[in-house]
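Sequential numbering of the sequence shown, starting at 2, is according to the numbering used here.
One or more hints might be untrue.
[Stated by the list, open to error] If you anchor each label on the Cβ, the simulated ranges turn out as follows:
1) 15 - 64: 16 to 24 Å
2) 43 - 21: 15 to 23 Å
3) 65 - 42: 13 to 21 Å
4) 28 - 69: 18 to 26 Å
5) 15 - 52: 19 to 27 Å
6) 21 - 55: 30 to 38 Å
7) 32 - 73: 29 to 37 Å
8) 70 - 18: 30 to 38 Å
9) 73 - 38: 32 to 40 Å
Treat the hints as calculated values from the structure; they're not laboratory data. Bear in mind the structure is a predicted one, so any value in this text is a computation, not a measurement. Yeah, the Cβ is synthetic: ideal placement off N, Cα and C, and Gly gets one too.
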Amino acid sequence: MLPRSKGDAAGGRVGVPRGQRPETCPVRAVEAWLRASAIRYGSVFCRVTRWGTVEQGRGLSGEGVRLVLRRRA
């Protein structure tokens with residue numbers, strides 16, 4: 002379950018269904034990333050500076066996610 006929005010005072014959540022094919026399933030992809038990265042708490046995706054420095058504990062902003070998706074799509 003994902004929070005609907007960061008500022009959602011009611012704590013509404015949105016379910017993310019598993020995909021029909023393992024290679025395109027968003028849930029399996031995130032589970033694999035969490036195992037590979039050893040992330041136990043905090044942000045799932047950390048910021049990376051233009052010099053390649055990973056900023057632990059600082060998550061990607063909504064704009065950062067949008068830029069990554071735009072470049073990769």
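- Should the hint that residue 28 and residue 69 are 18 to 26 Å apart at their CB atoms be regarded as holding? 19 Å, holds
- Query: Is the gap between the beta carbons of residue 43 and residue 21 within 15 to 23 Å?
  - Reply: Taking Cβ atoms as reference, residue 43 and residue 21 lie about 31 Å apart, which means the hint is violated.
- Take the C-beta atom of residue 65 and the C-beta atom of residue 42, compute their distance, and say whether it sits inside 13 to 21 Å. 20 Å, holds
- Query: Would you say the C-beta atoms of residue 32 and residue 73 sit inside 29 to 37 Å of each other?
  - Reply: The hint (29 to 37 Å, Cβ to Cβ) is violated, given that residue 32 and residue 73 are roughly 20 Å apart.
- Using the beta carbons of residue 15 and residue 64, state whether their distance is inside 16 to 24 Å or not. 20 Å, holds
- Message: Assuming the hint says 32 to 40 Å, is it satisfied by the Cβ distance from residue 73 to residue 38 or not?
- Response: 18 Å, violated
- Task: Kindly confirm whether 30 to 38 Å is satisfied by the beta carbon distance between residue 21 and residue 55.
- Result: Taking Cβ atoms as reference, residue 21 and residue 55 lie about 33 Å apart, which means the hint holds.
- Message: For the hint 30 to 38 Å, verify it against the beta carbon of residue 70 and that of residue 18.
- Response: Distance hint for residue 70, residue 18 is violated at roughly 19 Å.
- Task: Determine whether the Cβ-Cβ distance between residue 15 and residue 52 falls within the hinted range of 19 to 27 Å.
- Result: 35 Å, violated
Hints 2, 5, 7, 8 and 9 from the list above are not met by this structure, while the remaining hints are.
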